[in-house]
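Participant: Sequence:
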Amino acid sequence: MIFFLKNTFSIFFLICLSFKLAIAEIPSTIVFKAGEDGYKVFRIPAIVLAANGDLLAFCEARQGDDANETDLILKRSFDSGRNWGKIEI
178 MIFFLKNTFS IFFLICLSFK LAIAEIPSTI VFKAGEDGYK VFRIPAIVLA
228 ANGDLLAFCE ARQGDDANET DLILKRSFDS GRNWGKIEI
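In our numbering, the protein residues as written are 178 to 266.
Just so you know, nobody snuck in bad clues.
Beta-carbon label-pair distances, calculated as ranges: (1) I192 with D214: 36 to 46 Å; (2) A244 with P222: 12 to 22 Å; (3) I192 with Q240: 42 to 52 Å; (4) F255 with S205: 12 to 22 Å; (5) I192 with L251: 32 to 42 Å.
In silico DSS-like pairs for lysine-lysine, Cα to Cα no more than 27 Å straight-line: (6) K217 with K252; (7) K252 with K263; (8) K217 with K263; (9) K252 with K210.
Honestly, the hints are just simulated from the structure, not real lab data.
For every residue, glycine included, the Cβ atom is placed at its ideal position computed from N, Cα and C.
Turn these sequences into a full structure, and let the hints steer you where they fit.
Facilitator: In structure tokens form, the structure reads like this:
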């Protein structure tokens with residue numbers, strides 16, 4: 178019985194450790210940040226993988242609040258999302 182409990186605990190520990198390691202390897206990048214690039218608000222983001230492997234991030238951008246005009250903007254990544262280019266309108 179003790180052998181069974183030790184093995185069960187070891188398996189549980191290894192499973193928890195593998196989940197922690199898997200989560201720790203996922204990097205995050207902020208593509209659109211409020212107040213940067215001349216826009217106060219970014220809304221409704223979307224990311225698309227292009228046929229050539231580029232990532233294209235789109236969103237609606239406003240220089241003011243909801244009553245202001247909107248621009249549909251794009252940022253492009255050539256390296257799987259690690260770095261993003263400048264805004265394209």
